[in-house]
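Q: Using the sequences and the hints, build the whole thing.
Going down the list, the protein sequences come from chains A and B. Under this note's numbering, the first residue of the first sequence carries the number 1, and numbering increases by one thereafter. Under this note's numbering, the first residue of the second sequence carries the number 1, and numbering increases by one thereafter.
Hints were generated in silico from the structure; no laboratory data involved. Note that the structure is predicted; figures quoted are calculated from it, not measured. Glycine included, C-beta positions come from ideal geometry on N, C-alpha and C. Relax, there's no trap hidden among the hints.
Taking lysine-lysine and the DSS-like style, the derived pairs with C-alpha atoms no more than 30 angstroms apart in a straight line are:
no.	chain 1	residue 1	chain 2	residue 2
1	A	Lys43	A	Lys167
2	A	Lys30	A	Lys226
3	A	Lys230	A	Lys43
4	B	Lys14	A	Lys43
5	A	Lys226	A	Lys43
6	A	Lys76	B	Lys14
Sample of chain B residues at the chain A side, in silico, Cβ under 7 angstroms:
no.	residue
7	Gly6
8	Cys8
9	Asn9
10	Arg12
The following label-pair restraints were derived from C-beta to C-beta distances:
no.	chain 1	residue 1	chain 2	residue 2	range
11	A	Gly101	B	Pro7	33 to 43 angstroms
12	B	Gly23	A	Leu17	37 to 47 angstroms
13	A	Trp36	B	Pro7	43 to 53 angstroms
14	A	Gln246	B	Pro7	19 to 29 angstroms
15	B	Ala38	A	Arg34	17 to 27 angstroms
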Amino acid sequence: MYAQMIKSEASNEDPALLEAFQARIDAGEKIEPRDWMPEGYRKTLIRQIGQHAHSEVVGQLPEGNWITRAPTLERKAILLAKVQDEAGHGLYLYSAAETLGVSRDELIELLHEGRMKYSSIFNYPTLNWADIGAVGWLVDGAAIVNQVALQRTSYGPYSRAMVRICKEESFHARQGYDAIRAMAFGTPEQKRQAQDALNRLWFPALMMFGPSDAESVHSEQSMAWKIKVKSNDELRQQFVDQTIPQIEYLGPTCPTRASGGTRKAATTISASRIGRNSST
Amino acid sequence: MIKGNGPCNVDRMKDRVSAWEDGAWVREGLMAHAQKKAVRKVAAE
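A: Printed below as a string of structure tokens:
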């Protein structure tokens, strides 16, 4: 997701402290900034929350490009509000990261020097207005699936930031779906643009969940510490299950289907073929 | 793409760094304002 490919760090601390820490995690307790925590837990969280914050901030850029070109005043006001929300999400997350002993300036410097990542989904261009609808619908839709799960993450400040962010992300996904719906039920040219946007953004959206579980080498420790609460494939399947009926309703052909797959064959996502086919 | 590169990677970072540098005067102004308020608060106590 916005923070995939995070390398978990092993810990070499006092086994008794580690055991007590793990017991708290297993009991479902939240870990707070002043609590003892393994250095690996702290470092992994700084990377994950920092990468998540950077993704929110860089994520403003592809949509910000379209504020001046929104087709109506209403669409412009909605997009402006959404882009502002993303800036706010970045700030909540930088604040959460700061509770772990890293400053916002340090994190921003690492981003600007190319030493910290952000989600690669934002490195795709937004070529037409349908892309803006598709970004809200698919990218924010995928983000919600991940972030709803992260509301139960073990680190208190991150978990609470997710609760607030999820409320706003729901609006983002709905506005995207509404924009793409208008295109999908519009003129032939609008329908063509909606199909084109889906073709280009479907697979990148699926890849937001990271590599398949079999190839996700960094997940095990993060799952044990409940930094991550669901596997990449579980989250991806959840996104596919909620999105395919929407594609079927809107009418465009799902790219997985267009590439020749059958619905049955793609119901279970595999590492080599990510996705599920729409039915006719 | 998986490793962070993509069609717009260079553009995104260029825009991001440029926005950060262009906003330096706003951050400086906010810090100066906050410091002024803090000094006044201490003086009033």
